[in-house]
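Here the protein sequences come in this chain order: A and B.
Going by numbering that gives the first Met the number 0, the residue at position 497 of the first sequence is 496; the numbering climbs one at a time, nothing skipped.
Going by numbering that gives the first Met the number 0, the residue at position 166 of the second sequence is 165; the numbering climbs one at a time, nothing skipped.
Treat the hints as calculated values from the structure; they're not laboratory data.
Among these hints, one or two may not hold up.
Unchecked claim - Incomplete in silico selection of chain A near chain B, CB under 7 angstroms: (1) 38; (2) 120; (3) 123; (4) 124.
To be verified - Quick list of the computed label-pair ranges, beta carbon to beta carbon: (5) 33(B) x 58(A): 31 to 39 angstroms; (6) 205(A) x 127(B): 33 to 41 angstroms; (7) 205(A) x 244(B): 54 to 62 angstroms; (8) 158(B) x 199(A): 27 to 35 angstroms; (9) 190(A) x 33(B): 50 to 58 angstroms; (10) 205(A) x 33(B): 53 to 61 angstroms; (11) 19(A) x 33(B): 22 to 30 angstroms; (12) 230(A) x 157(B): 21 to 29 angstroms.
All residues carry an ideal CB built from backbone N, CA and C; glycine is no exception.
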Amino acid sequence: MSSLIAFWISHRTELGLLIGQHIMLVVVSTAVAVAAGVPAGILAARRPHLGRALLLIANALQTIPSLALLGFLLPIPIIGGLGPRTALVTLSLYALLPVMRMTVTGIRSVDAAVVEAGIAMGMTPRQLLMMVQLPLALPSIIAGIRVATVIGVGTTTIAAAIGAGGLGEYIFRGLSMVDTTTILAGAVPAAGLALAADGLLALIEQRVRRTPVATGRVLQTGAIAAALLVVVLAAVSLRPATDSVVIGSKNFTEQVILGELIAQAIEEEGGVRVERKLNLGGTFVADRGLRNGELDAYVEYTGTAVTAVFHAQVPHDSGQALEQARQLYSQHGITVARPLGFNNTFAVLVRGDDAASRGLKTIDDLRSIAPGWKTGFGYEFLQREDGYAGLVQTYGLQFQAPPRGMDLSLIYQALAERQVDVVAGDATSAQIDAFHLAALEDNRHYFPPYDAVPLVRTATLLRHPEVGRALDRIAGRITDSDMRALNAAVDVGHLAPAAVAQQFLARLGVGTNRPRP
Amino acid sequence: MRGRFPDSAGSAGRIAPHLMTDPLVSFHDVEFSHSGSTPVVVDLSLECTAGETIAIVGRSGAGKSTLLKLVNRLLLPTGGRVTVHGRDTREWDPIRLRRGIGYVLQEAGLFPHMTVEDNVAVVPVLEGWEPARIRERTRELLDLVGMPADTFASRRPGELSGGQRQRVGLARALAVDPPILLMDEPFGALDPITRADVRREFARLKQQLRTTALFVTHDISEAFALGDRVGVMEAGRLIAFDVPDRIARSGDARVRALLDSVPPPTVPGP
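Only chain A is shown next, with the shape it has when bound in the complex (with noise of 0.2 angstroms):
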């Protein structure tokens, strides 16, 4: 707890502003959908057959996982891109159908008697809606939006993963870095937001409810309002980028800590602005940024690039792997930059006192006890083709039931707690010493080279060649060992990735170490 308000207190600016961005994301989503919603709400209670069909259209919408909608919205055009417009855009999907079910059900349920009074007075149908059933199915209207509230600030927390920030950003952070702290910072507040805009919703509905609004006015306004709302966002996000270079990375606290070293070498360098799009949900996202050209550069291992993003066959040997990494790149005006030195391949790994005990120390040596034990991989690894499948067949493994999928960070400690006996992990993880964990030889050479490198948009090289500058100076300068040293000191040591790199940058030279805001 007290860890928890320190983390708080060192990093009140930031959380200020992820509270910012985290209200921003769910006041403006909320506000599109219940410009849309209600409208749609109010056609669906007039015309049943439509109704019908628009409310299955915004029940379907809503059994979509959000991590899947945000995936496949990522690559279409205007709508989609990494960062804060793709997630309103889920995030509004998302919160119509409580508002626009909320608005049918609130219309139709005005007693008929008090409609058919309105009929009878001479109420035309737009009368009859702004004078009588608007006003009556308020309440109801406004417990859908409390409804779309309280889901959007949950929802919100996922919009991190395309680098729209919100509280998600330490949830992700935290979850990288298997730190509790981390978590519950960006958790905690953003229960106390949806407790927060649960309440004040609540009391809003019960003026509502017990005092009624006369008129369709407060409606027409609010109609107004969101409009605006959304006209002035469309405005300020489709505004053209300024000249920045915008330094992405996956969720992992190796890639975390690798963009903020390319960042920071960069900002060295100086003549241009950097912008940091860091703890992006995996491969996917990343690759698409690229070739969208909202990122300009992120690191990405040779073994997957051939593998998970081209499909190709990769090359056992570095050298060839890389000029085959390179090649495919050019084709997508991507220059694949000089390794940074090190190769973080996958590594098989056990609990130590189990490789002691079995004299476990290769993955064949894995094949007898096999039967017997649990597996558990990041889902990435069970998909993709150089992951499990591939592994089990070069090895001859069967495990005791199918593998277990996990987040990638989670993997560590659900070994040493022994959930599962064997995962396969970074071999330049923090957590392999931290858990005392031992990895197995790739004795018959299964796994690709995964060596780092940079990948660059060839425009971005050629119009701020102080990235390529930047690039040189730290190609080739990070080993094995340093990399799991950087990893241990943000997992393990708790210090910031930024912090992490400014000193890396500084022992070999290239950082200044002067102080960062």
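Got chain A sorted already, so can you dock chain B onto it with the hints?
Chain B alone, transformed into the frame defined by chain A:
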């Protein structure tokens, strides 16, 4: 909104004097059925002249409410025709037609989200009256129905008793001084004492306003007390239509059955 009625001079639906002697509302061989089901109204003809109050009495399900809805075009006849001011309801613009017809429902059908004053002001607002005139008119009407504006204007229907709601419903229906007033069981939801009270009130108003009223009730004593003429409906048919005295002497077995089902009216007339 102003001037929706071609012959109005501000007060909605006031009709030209030459029409006053013609039937205001008339039914010619009217038939009504919901698609595919047995007819609710069968072969019904009646005429209603200016200034008179017609009471339609019958058991529930006899088609009384349907009769009223055919006048303000909430329903259109499936056979025959209904005319208002001599014009077929099919040819009327429904909005214009309805603004000139007051409608009082059972349970009043007041708008629960509006104050008493706003409820009464609905049709004047729709007609685009000046705010000052609306205010004056609503206060006048509330006084008329025995609901002093100072006490009741800012209350909401939920804060009123059944009888008070009914009075507001009546005031609302009278707001633009419509030449025709339709009332569907206007006193139906009230307890006997309140009911007698509101009924007396209506009898008084009737003398004062000279509005043409068509009201339906299942209570024959009420029909006799308030109707200048009484129509008896059974299974969608108008089986008798005459002044109360002659209805009371009717030899028709079905009318007699209805008459005998209730104690004789204690007040023979308003």
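These are the hints, each one checked on the structure:
1. 38: Hint on residue 38(A): violated, closest Cβ of chain B at ~21 angstroms, above 7 angstroms.
2. 120: holds (5 angstroms)
3. 123: holds (6 angstroms)
4. 124: violated (10 angstroms)
5. 33(B) x 58(A): 31 to 39 angstroms: holds (33 angstroms)
6. 205(A) x 127(B): 33 to 41 angstroms: holds (35 angstroms)
7. 205(A) x 244(B): 54 to 62 angstroms: Between residue 205(A) and residue 244(B), where Cβ atoms are some 58 angstroms apart, the hint holds.
8. 158(B) x 199(A): 27 to 35 angstroms: For residue 199(A) against residue 158(B), whose Cβ atoms are near 28 angstroms apart, the range 27 to 35 angstroms holds.
9. 190(A) x 33(B): 50 to 58 angstroms: holds (54 angstroms)
10. 205(A) x 33(B): 53 to 61 angstroms: Because 41 angstroms falls outside the window, the suggested range is violated.
11. 19(A) x 33(B): 22 to 30 angstroms: violated (59 angstroms)
12. 230(A) x 157(B): 21 to 29 angstroms: violated (40 angstroms)
When the structure is compared with the earlier hints, violations turn up for hints 1, 4, 10, 11 and 12 and for no others.
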